[in-house]
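Trainee: Using the hints, position chain B against chain A.
Number of protein chains: 2
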Amino acid sequence: MQGRTFGAHRHVDTTTAKIWSLSRSHGLLPIHSVLLGHDGSMTNLLELISRCEVALRTLKQSVVPCPSEVADLLAVDVGEPVNERDITIVRNQDGSPLLYARSYTPLSRLKPAFKADLMRADIPIGEIMQRHRIEARREILDVGYLSSDPRLEELLACPGPYLWRTYNIITQGKPLITVKEYFSTSLR
Amino acid sequence: MQGRTFGAHRHVDTTTAKIWSLSRSHGLLPIHSVLLGHDGSMTNLLELISRCEVALRTLKQSVVPCPSEVADLLAVDVGEPVNERDITIVRNQDGSPLLYARSYTPLSRLKPAFKADLMRADIPIGEIMQRHRIEARREILDVGYLSSDPRLEELLACPGPYLWRTYNIITQGKPLITVKEYFSTSLR
Numbered sequence: 001m002q003g004r005t006f007g008a009h010r011h012v013d014t015t016t017a018k019i020w021s022l023s024r025s026h027g028l029l030p031i032h033s034v035l036l037g038h039d040g041s042m043t044n045l046l047e048l049i050s051r052c053e054v055a056l057r058t059l060k061q062s063v064v065p066c067p068s069e070v071a072d073l074l075a076v077d078v079g080e081p082v083n084e085r086d087i088t089i090v091r092n093q094d095g096s097p098l099l100y101a102r103s104y105t106p107l108s109r110l111k112p113a114f115k116a117d118l119m120r121a122d123i124p125i126g127e128i129m130q131r132h133r134i135e136a137r138r139e140i141l142d143v144g145y146l147s148s149d150p151r152l153e154e155l156l157a158c159p160g161p162y163l164w165r166t167y168n169i170i171t172q173g174k175p176l177i178t179v180k181e182y183f184s185t186s187l188r
Numbered sequence: 001m002q003g004r005t006f007g008a009h010r011h012v013d014t015t016t017a018k019i020w021s022l023s024r025s026h027g028l029l030p031i032h033s034v035l036l037g038h039d040g041s042m043t044n045l046l047e048l049i050s051r052c053e054v055a056l057r058t059l060k061q062s063v064v065p066c067p068s069e070v071a072d073l074l075a076v077d078v079g080e081p082v083n084e085r086d087i088t089i090v091r092n093q094d095g096s097p098l099l100y101a102r103s104y105t106p107l108s109r110l111k112p113a114f115k116a117d118l119m120r121a122d123i124p125i126g127e128i129m130q131r132h133r134i135e136a137r138r139e140i141l142d143v144g145y146l147s148s149d150p151r152l153e154e155l156l157a158c159p160g161p162y163l164w165r166t167y168n169i170i171t172q173g174k175p176l177i178t179v180k181e182y183f184s185t186s187l188r
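Protein chains in written order, with the working numbering: chain A, 1 to 188; chain B, 1 to 188.
So that you can see chain A by itself, here it is in the shape it has in the complex (with noise of 0.2 Å):
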């Protein structure tokens, strides 16, 4: 959300300006912009779409040792115990997966008793937010297009094209979680 002045001379940010390119080169939705650049919750987001509950399933979730690509994006050292999650988040009727998303923390910063939420059971982050009434501000940091892939393919149950976005979620200044999202451009 950097770059942008105010006023008369207000520019979108070049996220916005990222997405309408994709948007037009690509002849996406608009629901499919707002999927990719909405600074709010996805869960609430994925559940106002599909008209019913979605749950998280954790697919892999595991303290590693800070990557150096995530490192950049958390402002953490490389190597720092970071919370690595792999999730989807399905439909609660059918159990359809509509997004996957993996998601690194910094155990340093994260607070006890949202520590073992995001560690124990399959609660989406931003209910995890909610219930602990934790505000943040979300920072997208980069979006794009994929016309297919085997692994999404499986994760998704569902042919490309697909499209990611990258964001921060940032409380007291600072990242406290960074995430990347995967859905299929069937999510509509």
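Heads up, some of the hints might be wrong.
Note that the list lumps identical chains together, so a pair holds whenever it fits in one copy or between two copies.
EDC-like mimics (lysine to aspartate or glutamate), calculated; alpha carbons at most 16 Å apart, straight line [as the list claims (entries may be wrong)]:
| no. | residue 1 | residue 2 |
| --- | --- | --- |
| 1 | K174 | E135 |
| 2 | K18 | E80 |
| 3 | K180 | D142 |
| 4 | K18 | E53 |
Hints listed in this document are in silico derivations from the structure and should not be mistaken for laboratory results.
Note that the structure is a prediction, hence the values are computed from the model and not measured.
Mentor: Below, chain B alone, put in the same frame as chain A:
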């Protein structure tokens, strides 16, 4: 967002359930549900959907004694000075209105720099918050459907039906702003 439980017996909040119900009974599109129920920046969402820059036009802005129905929402005393702001968000290209909103902010909760931005210029709240890197959460309070309304027809330059929502922006545990927004179902 009250009323949620977690884990296997998770339930959606009452606002989301109300949006599903409105959506079914009035044949709304997924994008309408998102506009009603998302908890991110509305200006950002309007730019994503309309694929163009938007601008804020202040119709009226004044400090007034807090009305009783607003005092409850903001958790302040009736009569306490609040900033009342009536705005439209318009497409930059042609000036056509996308949304009309009225907001109330208790002066006692405004930091000086934020106050200057809110009271001086045509800057959307989401952008003021970005500018000052304010961490917050949005709590959707209620949503509704209006088949027609002469004042909205004038303000939005568009016949009904309309959708509306009320929400609070909460920082440091207290409502900083309460907002009521109206838009036409032709927004898609």
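Trainee: It remains to establish, for every hint, whether it holds in the given structure.
Mentor: Hints and how they fare:
| no. | hint | in the structure |
| --- | --- | --- |
| 1 | K174 with E135 | both (12 Å within a copy, 11 Å between copies) |
| 2 | K18 with E80 | neither (32 Å within a copy, 44 Å between copies) |
| 3 | K180 with D142 | within (9 Å within a copy, 31 Å between copies) |
| 4 | K18 with E53 | between (31 Å within a copy, 13 Å between copies) |
Violated hint: 2 only; the structure is consistent with all others.
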